[in-house]
Amino acid sequence: MTMPLMKPKRKNPVLRTQQMNLPPWARGRVALGITAAAAHGRFELQECQECSAVQYPPRSACWRCLSCKLRWREQSGEGELLSATTLHHSNDLFFRERLPWRLGLVKLDAGPTLMVHLHGEVGEAPQRVKVGARLDRAGQAVLIGFPNEGSAHMADDKMLREMTSDPKFRKVLVTDGKTPAGQAIVRALVKAGADIVWVGHAEPWKKLGGLEDISALPQVTLVPLDLTDGRAVSRVAGSIGGKVDIVINNAEVHRSFGIGNRRGTDVAKAEMDINYFGLLRLAQEFGPALKGRSADGATHATAWVNLLSIYALSNFPPHGTFSASKAAAYSLAQCLRAEMRPAGIRVINVFPGPIDDEWNQHMPPPKLTPESLASAIVKALRDGVEDVYPGDVAQEWLERWRDNPKVLERELAVNGG
Amino acid sequence: MAAERENTMSNTDNLSGAQLLLGVAGALASGRIRVIDLTQTLTPEFPQIALPPEMGQCWPFRIEEVSKYDERGPGWYWNNFSCGEHTGTHFDAPIHWISGRDLPNNAVDTIPVQHFVAPACVIDCSPQVKDDPDYLLTLQDIEAWEAKHGRIPKGAWVLMRTDWSKREDPEAYQNFDETGQHTPGPSTEAVRFLVEQRDVLGFGSEAIGTDAGQGYHLRPPYPCHYYMHGAGRYGLQCLCNLDLLPPAGAVLVCPPLKIEKGSGSPLRVLALVGDL
Amino acid sequence: MARRGYEDVAVAVPVTVPYVRYSTEGAHWFLGRALHALVEHSGIDKDAIDGLCLSSFSLAPDTAVGVTQHMGLSPRWLDHVPTGGASGVMCLRRAARAVQCGDAEVVACVAADTNHVDSFRQTLGAFSHFARDATYPYGSGGPNSIFAMITAHYMRTFGARREDFGRIAVAQRANALRNPNAMFKKPLTLDEYMAARPISEPLHLFDCVMPCAGAEAFLVMSRRRAQDLGLAHVLIRGTIERHNAFAEDPIMVRGGWRKDRDALYAQAGVQPQAIDFIQTYDDYPVIVMMHFEDLGFCEKGEGPAFVQANTLTHDGSFPNNTSGGQLSAGQAGAAGGFMGMTESIRQLTGQAGERSVPGAALGLVAGFGMVTYDRCLCTGAVILGKSE
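In the order they appear, the protein sequences are chains A, B and C.
Using the working numbering, you'd call the opening residue of the first sequence number 4 and step up by one each time.
Using the working numbering, you'd call the opening residue of the second sequence number 139 and step up by one each time.
Using the working numbering, you'd call the opening residue of the third sequence number 40 and step up by one each time.
By construction, these hints were calculated from the structure, which means they are not laboratory data.
Beta carbons are placed, not taken as given, at the ideal position from N, Cα and C, and that holds for glycine.
Treat the hints with care, since some could be wrong.
What the hints assert, rightly or not - Simulated coverage check for chain A against chain C, where a stretch passes if three residues somewhere in it have a Cβ under 8 Å from a Cβ of chain C:
1. 99–107
2. 111–125
What the hints assert, rightly or not - DSS-like mimics (lysine-lysine), calculated; alpha carbons at most 25 Å apart, straight line:
3. B:Lys304 / A:Lys210
4. A:Lys110 / C:Lys85
5. A:Lys210 / B:Lys268
6. A:Lys174 / A:Lys10
7. A:Lys10 / A:Lys209
8. B:Lys396 / A:Lys209
9. C:Lys339 / A:Lys110
If we strip away everything but chain A, and leave its shape as in the complex, we get (with noise of 0.2 Å):
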């Protein structure tokens, strides 16, 4: 039985904060396969195309037939734990603050024997256990061995909540509560057990409705933040930096021009500063305070949410300025996930399709609903996942994207869609 997480104390002010030491991350070009996999939430091993062998550890020629036709594939994860041990000693420092740590060797009924980390409630061997891929502190993917049946609580495991970035207890900045989405998202993480929900919101003046009715929430404190100024950033920062465990950047700019249909960049320059510098200038001024807390307690600073678009991946011309922003946002927050690395601080992006927002009326369904989004995010921050691509068109141009990129840019501009 996992015990589940309780709030923890006050931090004692005199004491220095614990600083982060990563988990090994040096993986070979082909292990990264499943670290790919893993960003994603799946549990992927190569299996041969020639003779069906599964492979692990990752390799370059097939252990059995050696061709070298080695396709990644969903492995179901289930297998037998053979053997476990109960680490007391480290030279690795992320482990030796961790001690004692329990690791198995588990078979996959797919055939390999895997070395995993164990998940608490996994008894002793023999016993049957399901394998999964997780993406660890350094951002690589390791495997771990969950048990069949887990305990409500399961997720307060801690080795396993350390992976993740769960909301509970957590301190959490939303940039922009001024839209259904933002509002959406605040309600999704009180729900979530967030303690603090700091909800920024710019020109106050401009009452597009609902910021009253979350900001009765007594997790929720308003919070002016108006990310095309950076010292207005920086003040921000400076007041709550230190305390924020999660940001989300869900502020956007979207309005639905191409090149030919506005005269003008000035629409495309508001796009741009928000959707992008914005996101440089919040960077800019919440990345050090996060990176600094990243080992801090229970509820250490956690995890860095990018609300993006999956026409970052692909223009979409209709809305092609936006797009175009968006992919900008997408290309830096890839800079950001490498700066928040060394500190282990996951970025998140998220690609949703058209939310059903007044700038996507035109847009037809599928659209997702503000509640979606929200519940999408805070499953990618408990389920410790880095690429989220909610809704049902997103996932359809992802899968189009990766079959061949051109061939959606192709369809996108003849088609719009």
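Using the hints provided, position chains B and C relative to the given structure of chain A.
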């Protein structure tokens, strides 16, 4: 009172322009003429005019350090800033409005510069605005002012004092609700009188626009912009310290930036006020 | 095709460069000390050494070729066999064939490694692709957790107890006390073994070797040459070698020797009962136990009973690791794969002093090593005999 004024002016008729100017300089130095700043400070927090989201928007004031005696520039401090032509305390040129688009010398770089120094008449509507943010300056308000202070001279600014600038909270300053903005301004009748009967230089307001917040619903929409700029006159917005000015006798100095074909610009508005 | 024997080969001049826990010297220093001792103890000129077989994990960025220039050697046969615990057996097999074919006359086999304060962690991180990708991220900080799980599985499957493994460790410590080169100088009781702090359950402190710096070496030459030089020497009666055996076993329960032991004893013309002592590769006691089973001294699963039924000290019924083994003498990196060889040469040439196995005529040296993922990949064995 009008006679008194005429007397004062005739005494100076025999002085040369140069001597008059020296006199002003001396009076400024000795404090007999004071300089009052009618300008709001340009900060990112100061609100800007907000149009419906489908329209192009006026940029807010934004400022970013280039360096501050640091690795980006060790011995100096400077900033880059951006804003719209109509951000903060600003000047409206006739070319700003469709009714003034074809007039000669209608942009900030072509307006005759002598217009940038002109007398100002300050009409106090602050008691009425206290009860009604949508208050419109009426013809009656003008007539009442003229009864006390004399006829509004040709070529003078008419400034509507409302104490609106004392609303320091941006939300209160903009004063939006679901039906739009609620700020004071002139009525159509008042504007037409000032333009057609008094040939004024322009209209000045403490609020975000020369027209009232609900001006869109007057006929024609935005009558102050429409008639003033349509007659080649000017506008001043986001003024402050109008409560420090005498109802008559102040002289405004308000040259906008010399922007090529500019429709307006943020500027420093100064009032010269002489002791009596 | 029948395998050729080694009747005309001699192995001589066992050299140990004393172990130290940490050293600021590099591997080359220990290599140099070993080569110097080989030359001094054999009376052979340095220039007469025309074959060189090395094993080291801390040579990088140097190679065996770089060592030739470093040491001023000009061999006509060169090999680098950095296979840790199997390198002694593997170097011997290669050197012997080179001598038999006339490709070299005197081959120096040397294993050397330094140990800096941070060495162990550096080596592990870059040990192999599979270790980097599939074990290092799991915090084991080395093979401890893998062998802990192999041990736990073995205990569960065959009913072995910690006491059984302890018996091996205690006997080896007793042997080590008569080895002036051993790092451990105090006796070890079974109680102390049982009470020691856990490293990775069920392995505790005295189940794990102590990494250190040092070197081991020997010479391989023709039997004729050894006789001409008047060098005490031993003969090679049989050898085997195997890599990645039993890959289909989901977890290691047997070593590769099982596959080739019949060929070993056939080549030597003896049965296991004829062996007077065994030098096992003792990275962990469970592996020692598997040696006993898979090299034919008892059946699979009988290891615990075999250990309890025998005394494993140098003067016992089944002498094992008469120098103390790595568990009590220390593991000087790759030299751990050579220590069984040099100890066996000493035992069979009357140079083992107070820890001599009485009347020893045949000794078995096992090789085992290279955990690149979840098990050791190399196994090997050599049966050495007295030269009369």
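A quick look at each hint next to the structure:
Beta-carbon proximity to chain C at under 8 Å applies to 3 residues in the region 99–107 of chain A; the threshold of 3 is reached and the given coverage holds. A stretch counts as covered by a chain when three or more of its residues have a beta carbon under 8 Å from one of that chain; for the region 111–125 of chain A and chain C the count is 5, and the coverage holds. For the proposed pair Lys304 (chain B) and Lys210 (chain A), the alpha carbon gap of about 22 Å is at most 25 Å, so the pair holds. Using a Cα cut-off of 25 Å, the hinted pair Lys110 (chain A) and Lys85 (chain C) is violated, with the two alpha carbons roughly 53 Å apart.
Proposed proximity of Lys210 (chain A) and Lys268 (chain B) is supported: the alpha carbons are some 23 Å apart, at most 25 Å. Note on Lys174 (chain A) and Lys10 (chain A): the hinted pairing holds, with a Cα-Cα distance of about 12 Å set against a maximum of 25 Å. For the suggested pair Lys10 (chain A) and Lys209 (chain A), the alpha carbons sit about 37 Å apart, so the restraint of at most 25 Å is broken. In summary, the hint linking Lys396 (chain B) to Lys209 (chain A) is not supported, as the alpha carbons are separated by about 32 Å, beyond the 25 Å threshold.
Only pairs whose Cα atoms come within 25 Å are accepted, and Lys339 (chain C) paired with Lys110 (chain A) is accepted, the gap being roughly 22 Å.
Violated hints, in rising order: 4, 7 and 8; the structure is consistent with all others.
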